[in-house]
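Chains as they are written, first to last, in my numbering: chain E, 2 to 421; chain B, 76 to 601.
The set of hints was computed from the structure by calculation and includes no laboratory data.
Accuracy of the hints is not assured; some may be wrong.
What the hints assert, rightly or not - Result set (DSSO-like, lysine-lysine): computed pairs, CA atoms no more than 27 angstroms apart in a straight line:
{"#": "1", "chain 1": "E", "residue 1": "K412", "chain 2": "E", "residue 2": "K396"}
{"#": "2", "chain 1": "E", "residue 1": "K396", "chain 2": "B", "residue 2": "K218"}
{"#": "3", "chain 1": "B", "residue 1": "K129", "chain 2": "E", "residue 2": "K214"}
{"#": "4", "chain 1": "B", "residue 1": "K422", "chain 2": "E", "residue 2": "K389"}
{"#": "5", "chain 1": "E", "residue 1": "K397", "chain 2": "B", "residue 2": "K415"}
{"#": "6", "chain 1": "E", "residue 1": "K412", "chain 2": "B", "residue 2": "K218"}
{"#": "7", "chain 1": "E", "residue 1": "K202", "chain 2": "B", "residue 2": "K218"}
{"#": "8", "chain 1": "B", "residue 1": "K218", "chain 2": "E", "residue 2": "K397"}
{"#": "9", "chain 1": "E", "residue 1": "K412", "chain 2": "B", "residue 2": "K419"}
{"#": "10", "chain 1": "B", "residue 1": "K379", "chain 2": "E", "residue 2": "K396"}
What the hints assert, rightly or not - To give a feel for the contact side, a few chain E residues facing chain B, derived at Cβ under 7 angstroms:
{"#": "11", "residue": "K202"}
{"#": "12", "residue": "G279"}
{"#": "13", "residue": "V280"}
Beta carbons are placed, not taken as given, at the ideal position from N, Cα and C, and that holds for glycine.
Residues per chain are reported as follows:
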Amino acid sequence: MSEIGSNKSISDRVKEIGMQKFLAPAALVILYIFFGIFGRNFFSFTSLVNILDASYYIGFIAIGVTFVIITGGIDLSVGTVMMAAAIIGGTAYKSWGWPMWLSLIVIMVVATAFGYFNGILVSRLRLPPFIATLGTMMISMGVGSIVSNVRSATYPTRSEADGWFKSIFKYLGDDGLTIPTGFIVLFITAMIAFLILTKTKMGRYIFAVGSNKEAARLSGVDVQKWEMMAYVISGITAGIGAIAFAAVYTTVMPAQGQGFELYAIAGAVIGGTSLSGGVGSVFGTLIGVYIMSTLRVGLPSMDLQAHYQTFFTGVVVIGAVLLDLYRNKRASEVRILNPADIYRNTQTTVINRMKKEISGLSGSEAEEKKKELSSIRTETKSTYIRMKKEDKAEKKRILAAEKAAEKAFQKELKGDLKTL
Amino acid sequence: MIIHTTKGNLKNTVFSNFLLLRRLLLNESVLSMKGIHKRFMGVHALKGVDFNLKYGEIHALVGENGAGKSTMMKVLTGIYEKDSGEIQFQGKLFHPHNPTQALTAGIGIIHQELNMMEHLTVAQNIYIGRETMKSGGLFLDDKGQNQRAEALFNRLNMNIDPSETLSRLTVGKQQMVEIAKAVSHDLKVLILDEPTAALTEIEIEELFTIMRNLASKGVAMIYISHRMDEIGRISDRVTVMRDGEYVGTNDTKKVSKEDIINMMVGRIIYEKPKVKSNVSADARVVLEVNNLNAGRLVKDVSFKLHEGEILGFAGLMGAGRTETARALFGADEIQSGTIKVNGKPVKITNPMVAVRHGIGYLSEDRKRYGLATGLSVIENSLMASYDKYETGLFIHAGKIRAITDEYVNKLSIKTPTIDQLLNNLSGGNQQKVVIAKWLINDADILIFDEPTRGIDVGAKSEIYTLMNELAAQGKSIIMISSELPEVLRMSDRIIVMCEGRVTGELDIEGTSQEEVMKYATMRENV
């Protein structure tokens with residue numbers, strides 16, 4: 002009897018896992034087809050390029066932030082860290098005259114350093130991640146403005162000699178052909194992140210920390226180190242995001258980047274990463290990001306301006322989290338068996354036992370048993386339905402009685418108050 | 076004993092098996108603790124406790140709640156540091172500073188609450204921190220790790236899929252995984268702290284088989300449990316603790332269940348028990364609960380509460396008393412059952428409804444659920460009744476000061492002013508503020524959950540007097556308490572619970588600690 006309630010059939014289980022894994026991709030495909038049918042000129046190479054273009058920098062930081070969220074933390078600083086790194090790199094190139102390759106390295110170093118800083122605040126100094134990264138968000142924005150002297154930084158254009166790095170993210174052919182190569186960079190980054198998260202110790206420990214930090218610590222895992230590494234990775238991806246931003250948009254304004262982190266977090270959440278930690282996947286996050294950029298490109302094609310994107314993204318985020326909550330609640334619910342269920346369970350064991358007996362028999366004996374079995378089956382079914390009905394009626398009756406009593410009580414209470 | 080071996084390490088295995096055999100035959104001690112003292116701010120939790128454990132032995136450790144069993148085990152596993160005393164482990168002095176150190180030395184513990192990573196798979200949980208890597212050492216070898224876990228499960232006769240996510244297993248199976256994890260560390264001593272609390276009868280039998288199997292391999296086990304019949308079934312010896320002191324150790328076969336209970340409760344009773352109920356049998360029933368079900372720990376609970384009665388709820392930890400109270404108060408969801416207040420059925424869906432029907436709940440954890448310690452006496456006292464002192468949009472300041480003053484005097488709450496923050500009051504006075512809160516709200520049914528926990532002796536008797544006065548005024552009180560002398564001193568009637576069920580209803584007249592204890596350990600299906 003102990004197994005009842007926890008023993009799901011295999012098909013149920015497949016259904017459940019399947020739903021979790023495929024819901025977000027299915028939503029993306031449906032969305033794409035929806036815009037294809039109802040939007041103007043949506044099924045085109047240009048809009049595909051636009052969707053991919055719109056995903057780069059958010060995509061990179063969303064991957065990083067996924068690591069942090071899996072540990073049960075949050076990184077609010079990714080957006081401004083990315084932009085701070087971009088503007089510092091641009092200043093190094095433009096104002097200080099550093100070579101391009103060195104400027105790109107500067108971008109990566111700055112972003113990684115901020116990630117490291119977050120990691121120390123959270124894992125060693127025990128600051129709540131929300132506060133620590135909120136502080137870093139402001140600090141990084143300030144640092145960007147201070148270093149750039151509140152002047153925008155301009156990266157070389159494609160035609161200049163130092164513009165080579167732009168081709169990493171978008172290849173322009175001689176005949177006007179554009180290939181969004183950034184997609185490949187994003188995919189490779191995601192692939193590496195995926196490997197780290199699922200195939201290395203680092204990933205395993207990041208999940209362990211997010212699932213139950215104390216249990217991980219008691220199992221001898223260096224909890225501080227791995228929690229910190231999640232923030233460092235978030236910094237590194239912010240650096241890659243910064244290079245992507247510079248490549249796509251050329252001019253970097255000071256004090257930008259606020260709000261990007263929210264899109265990154267939204268992407269992770271839509272992709273199934275749980276804000277309470279322990280659950281999440283890199284490719285889920287990517288799907289989340291693509292859902293947002295599809296909205297961004299698709300809505301204008303339906304004559305709805307881009308700002309509708311914010312509105313619908315909000316709806317999608319809330320929907321995704323609600324769905325997740327509902328699913329978790331369903332999964333952890335304690336089921337109380339009513340008499341009808343108990344009856345059915347006992348009958349099922351009887352039937353199963355008979356089935357086993359039959360498989361061992363042959364000839365007329367088996368035929369007889371089979372007949373007996375089918376009669377038991379029909380009886381079980383009808384009795385179960387009858388019991389269920391009775392149960393329902395009883396519940397209804399109790400509910401009605403309670404409601405009536407409650408009403409009477411309210412009336413009495415009102416009377417009492419008046420006499421007071 | 077069957078010796079599994081390969082040619083290469085035959086010599087080694089024979090030697091180690093010889094050692095094991097010698098240890099088992101000579102009854103050698105693997106662990107001995109002598110004169111362990113541990114103090115927490117003012118509380119002397121362990122007062123020179125001795126404990127001895129032999130190789131391959133299953134040793135039950137029993138005692139009432141708060142007897143010091145868990146503290147003792149936490150000292151042994153390095154979660155707490157002892158103040159004084161000596162631990163010998165495998166013939167050497169042993170002083171662990173943290174759980175990891177104890178684990179590497181060969182002492183592992185399975186806590187009462189499961190302490191695992193539920194999002195990871197079974198095998199990932201078992202080998203966390205010691206992952207199987209692919210050659211090269213960069214990537215994890217989950218496949219190999221699953222095979223390792225499979226082999227481990229086979230050795231322990233457990234039937235669990237290593238690649239299953241932990242949260243998908245039943246609590247019983249999760250417990251098995253935790254045991255497998257502990258065993259995979261090559262332990263010499265395994266501590267099991269109430270491992271059967273959440274298990275079904277079949278699972279308990281499985282667990283015992285595994286334990287016997289481990290014992291035959293020389294692993295010594297400390298088995299903490301409240302369940303007397305299980306102790307009789309599984310343990311070789313039993314040690315009793317009481318109030319932080321060592322009472323005695325006996326061979327399980329030589330002592331009866333009653334002997335053990337007597338050893339557990341045998342303290343000098345400095346509080347005189349009540350002899351006779353103060354409530355006549357035909358007193359009005361103010362609360363009637365029928366077949367209440369809520370969650371895992373409230374199963375078919377039925378009882379009646381009379382006007383002016385103090386109804387004691389006795390039972391061991393995890394008996395479901397607090398859960399019953401929370402369900403009754405609407406704090407947890409009621410799944411089925413009926414509740415009648417003053418003879419009328421009511422549906423209590425949340426605490427607001429309960430408050431409206433005159434029920435007040437004093438939580439066992441005042442600081443977390445009962446009070447806002449950062450607020451003042453007046454704010455806490457009025458917490459439940461602001462509605463009554465509202466005039467239009469605003470709270471009537473004069474009235475609430477007057478009523479608070481009145482109750483501060485009535486309950487003799489020692490506070491310089493009613494604006495004093497709760498943080499600055501003693502535990503006893505904080506508890507009185509909670510009582511004031513419900514009295515101001517005109518609650519007629521008061522649920523006291525461990526009313527004297529963490530309160531010093533003087534304040535305790537004040538609380539007792541207050542409760543008796545309230546009952547005399549016609550308030551009805553449900554008192555949940557884990558201290559048997561307290562239950563016997565205060566109650567007119569006693570409801571005893573065990574594992575979510577009411578196992579006994581005792582009149583105060585003629586009952587005893589032993590009788591209450593008997594019902595408190597009365598498990599189903601045994």
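Of the hints stated earlier, which fail here? 2, 3, 6 and 8
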